[in-house]
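Just so you know, the sequences run in chain order A and B.
Read in order, the letters of the first sequence are residues 1 to 356 in this note's numbering.
Read in order, the letters of the second sequence are residues 1 to 269 in this note's numbering.
Because the hints were derived from the structure by calculation, they are not lab data.
For every residue, glycine included, the Cβ atom is placed at its ideal position computed from N, Cα and C.
Be a bit skeptical, because a hint or two may be false.
What the hints assert, rightly or not - Facing chain A, from chain B, some residues (calculated, C-beta under 7 Å): (1) Asn44; (2) Ala47; (3) Ser51; (4) Asp52; (5) Glu54; (6) Gln137; (7) Asp138; (8) Asn140; (9) Asp143; (10) Gly163; (11) Gly191; (12) Thr194; (13) Met244.
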Amino acid sequence: MRLGVLCRILLLVVFLSSCEDKDDNLQQYTATPAPLEVPQLFEDNILPPVIPDDNPQTVEGIALGKKLFFDPILSLDNTQACADCHQPENSFSDPRRFSVGIDGSLGTRQSMPLFNMAWNFNEKFFWDGRSVSLEEQIFQPVTNPIEMDNTWPNVENSLQDHADYPALFEEAFGSTQIDSVNVSRAIAQFLRTLVSANSKFDRAELGLEPLTPQEQNGLNIYLDEGRGDCFHCHGLPNNPLWTDNIFHNNGMDEIITDLGFGDVSGDPREFGHFKTPSLRNLAFTAPYMHDGRFATLDEVIDHYSEGLVFSETIDPLMKAVSTGGVALTDGDKADLKAFLLSLSDPSFINNPDFQE
Amino acid sequence: MKLLKKIALFSMTALVFASCKSDDDGGDPVANTTVDFTFTQNFNGAAIANSDYETTNYTNENGEVLTLSKLVYLVSDVTFTAADGTVYDAGDYNLIDARNGTNVNFTPGIEIPQGDYTVSFTFGFDDEDNDLAGGYQDLNSSDGSWAVPDPLGGGYHFMRMEGMYTNSIGSIESFQYHTIRANSHTTLPPGPGTLDELIDTSFVVNLGTVTIGADTDIEVQMDVAEWFKNPNQWDLNTWFTVLMPNFDAQMDMNENGAGVFSLGTVNQN
Ligand code: HEC
Ligand code: HEC
Numbered sequence: 001m002r003l004g005v006l007c008r009i010l011l012l013v014v015f016l017s018s019c020e021d022k023d024d025n026l027q028q029y030t031a032t033p034a035p036l037e038v039p040q041l042f043e044d045n046i047l048p049p050v051i052p053d054d055n056p057q058t059v060e061g062i063a064l065g066k067k068l069f070f071d072p073i074l075s076l077d078n079t080q081a082c083a084d085c086h087q088p089e090n091s092f093s094d095p096r097r098f099s100v101g102i103d104g105s106l107g108t109r110q111s112m113p114l115f116n117m118a119w120n121f122n123e124k125f126f127w128d129g130r131s132v133s134l135e136e137q138i139f140q141p142v143t144n145p146i147e148m149d150n151t152w153p154n155v156e157n158s159l160q161d162h163a164d165y166p167a168l169f170e171e172a173f174g175s176t177q178i179d180s181v182n183v184s185r186a187i188a189q190f191l192r193t194l195v196s197a198n199s200k201f202d203r204a205e206l207g208l209e210p211l212t213p214q215e216q217n218g219l220n221i222y223l224d225e226g227r228g229d230c231f232h233c234h235g236l237p238n239n240p241l242w243t244d245n246i247f248h249n250n251g252m253d254e255i256i257t258d259l260g261f262g263d264v265s266g267d268p269r270e271f272g273h274f275k276t277p278s279l280r281n282l283a284f285t286a287p288y289m290h291d292g293r294f295a296t297l298d299e300v301i302d303h304y305s306e307g308l309v310f311s312e313t314i315d316p317l318m319k320a321v322s323t324g325g326v327a328l329t330d331g332d333k334a335d336l337k338a339f340l341l342s343l344s345d346p347s348f349i350n351n352p353d354f355q356e
Numbered sequence: 001m002k003l004l005k006k007i008a009l010f011s012m013t014a015l016v017f018a019s020c021k022s023d024d025d026g027g028d029p030v031a032n033t034t035v036d037f038t039f040t041q042n043f044n045g046a047a048i049a050n051s052d053y054e055t056t057n058y059t060n061e062n063g064e065v066l067t068l069s070k071l072v073y074l075v076s077d078v079t080f081t082a083a084d085g086t087v088y089d090a091g092d093y094n095l096i097d098a099r100n101g102t103n104v105n106f107t108p109g110i111e112i113p114q115g116d117y118t119v120s121f122t123f124g125f126d127d128e129d130n131d132l133a134g135g136y137q138d139l140n141s142s143d144g145s146w147a148v149p150d151p152l153g154g155g156y157h158f159m160r161m162e163g164m165y166t167n168s169i170g171s172i173e174s175f176q177y178h179t180i181r182a183n184s185h186t187t188l189p190p191g192p193g194t195l196d197e198l199i200d201t202s203f204v205v206n207l208g209t210v211t212i213g214a215d216t217d218i219e220v221q222m223d224v225a226e227w228f229k230n231p232n233q234w235d236l237n238t239w240f241t242v243l244m245p246n247f248d249a250q251m252d253m254n255e256n257g258a259g260v261f262s263l264g265t266v267n268q269n
């Protein structure tokens, strides 16, 4: 294990030191490095976080990103911040089924909780994977007409004219000249610090706290191919992300209206595929699914148990679809739910570093 | 041994990263060489391309018509045995996603002298690799987790083949042909304490003798039809789902696996 860690450090060193000469003169200013703290369970089990070479984590960058995230200045009429649709107490999701944009218009997708995004190894963001990096993702809500409805020149001007921002950008990136790229970099740095790894289940894995027999049995159902078989998409205890970050059709609609990932890829075999969400923090993230159709976890479990419907692109892991599913007993459903809730992490939503 | 494997893998990766130095020392004509592998898939000889997934109907030996959605498999311990008995084993592993084409090209992290070798590899992980303390971060991070749940004995999947077939009453049903280490239980469903016996169902595939030159590429073919054929004619109607804790199914998969892989084209570039 130790050796594994050593090897990875070595690898990182080799990686960072190779080909360094090419951007020597871009490195005039360096903010204070603030390497991401990798939780023990992540360190032991999964690959290191994805941090782009051109946007290292820094104290000043993270602080700036946080300020921007909570600041309505990014929206056209100064009324809406990222945090309005990504609220800390909801694990940075939105309790409304569809978020409301600055002009009152409703989207067609549910907001997404934000955590552990540095470990999205495929780097496909949004329900439909249309963004290929966190930095790129951030460009979208700002100009989306049903969200913040702004333009980047406008954002740059308001930030440039602001009393504090030019100095903060200088501290973070070495220049008072504000541009959209640095806005997205700062916010991405902040988003990468949103790490959730302290649920009851995590502590049980670390031997700090026992699961109840009910939670334990719920895990067993989750892992049982004949009942839950949730793990083939949502992962196992040795993948503390609780998602594969891959796109699937989990059998919700006979007729697919929102093409999801298929709309982005153009492949009809992917129509109606959406990104598997993490099962962490479900206690705070209702409603559920890409369109927020289920208000409670019970409805979600009922869906997998008896509500499955067939469509061409349904995933082969969805079983007994002709009868709606494998029909879990009430006892199994209750235990499965107890296990799912053990993956919620109250210390994450209460973390003072993540509050406005 | 295990540590060596890991070090070999990591130093290999380090080499790749460090290789942007562009200081090719293009001299030594008898330098040791790496060997490239290309993994291809077919159904009874018909090549399976990305466009065939979910669209092309295949008929298995038992007569069921099926389509494939997913085909991901693990190979490990590619080994080169020279005529004098010297064994070169890179000791690394490769997870191939046939549909997406991920890792279909693989170069084991070992350099060997040019010459004739018997080439072999392991399908899946043998027990030694499967039970490696601490596991594999990259495999845990693949496909949600390529690992096998603890109640089934832990370790890793060898293959996930998934798709749809038309069952005996004419309706479309899904199948999940997942190969793992065979595990039997005192009672089912499996749970903590039900595990009775584990049998290593990985197997060694011998590709025969290959001449390794300066830049050799070896094609390894998988005939998917063989998984359903020989010696056990597979009836999807009975064995289509919950096969991981099905001891007999895993033993049959292991037997059928013997005919699945073969040596394809060898290119001397
Ligand atoms: C009007 C509500 C709204 C606002 C404002 C908003 N978002 Fe979102 N956010 C959403 C919705 C809805 C989705 C899912 C959209 C989809 O998948 O099509 C989303 C998705 C995301 C995701 C993808 C997460 C993942 O795991 O794939 C990120 C990251 C994100 N938002 C960050 C931000 C940031 C940063 C801002 C501010 C610059 C912001 N959002 C502003 C509603 C909003
Ligand atoms: C084939 C892969 C797959 C399997 C197996 C699977 N899920 Fe999902 N799950 C998904 C996808 C994809 C979504 C999002 C679907 C959408 O919004 O269209 C999802 C959504 C969810 C959500 C909603 C989370 C949120 O934040 O909105 C929960 C809860 C959930 N699944 C639990 C389970 C449970 C419990 C099981 C086992 C009974 C299970 N899943 C099996 C792929 C899967």
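Q.
Quick check on B/Thr194 please, does its C-beta sit within 7 Å of some C-beta on chain A?
A. Cβ of B/Thr194 sits 10 Å from chain A, so the hint is violated.
Q: Return the status of the interface hint for B/Gly163: holds when the least beta-carbon distance to chain A is below 7 Å, violated otherwise.
A: Interface hint status for B/Gly163: holds (6 Å vs cutoff 7 Å).
**Q.** Evaluation of the interface hint that places B/Asp143 against chain A, nearest CB under 7 Å
**A.** Since chain A brings a Cβ to about 6 Å from B/Asp143, closer than 7 Å, the hint holds.
Q | Residue hint B/Met244, partner chain A, criterion CB-CB below 7 Å | A | The hint holds - B/Met244 has a Cβ within 7 Å of chain A, the shortest such distance being about 5 Å.
Q: Would you settle whether the hint for B/Ala47 is holds or violated, based on the nearest Cβ-Cβ distance to chain A being less than 7 Å?
A: violated (18 Å)
Q. Taking the closest Cβ pair, is B/Asp138 under 7 Å from chain A?
A. holds (6 Å)
Q.
Does the closest beta carbon of chain A sit nearer than 7 Å to the beta carbon of B/Asp52?
A. Hint violated; B/Asp52 Cβ to chain A Cβ min 11 Å, cut 7 Å.
**Q.** Proposed interface contact between B/Glu54 and chain A, which counts if any beta carbon pair is under 7 Å
**A.** Interface hint status for B/Glu54: holds (5 Å vs cutoff 7 Å).
Q.
Under 7 Å is the threshold here; is the Cβ of B/Asn140 close enough to any Cβ of chain A for the hint to stand?
A. With a minimum Cβ separation of about 5 Å from chain A (threshold 7 Å), the hint on B/Asn140 holds.
Q: Tell me if B/Asn44 is really an interface residue toward chain A, meaning its C-beta lies closer than 7 Å to one of theirs.
A: violated (21 Å)
**Q.** B/Gln137 as an interface hint toward chain A, with CB separation required under 7 Å
**A.** Hint on B/Gln137: holds, closest Cβ of chain A at ~5 Å, below 7 Å.
Q) Was the hint right that B/Gly191 lines chain A, CB cutoff 7 Å? A) holds (5 Å)
The structure shown violates the earlier hints numbered 1, 2, 3, 4 and 12.
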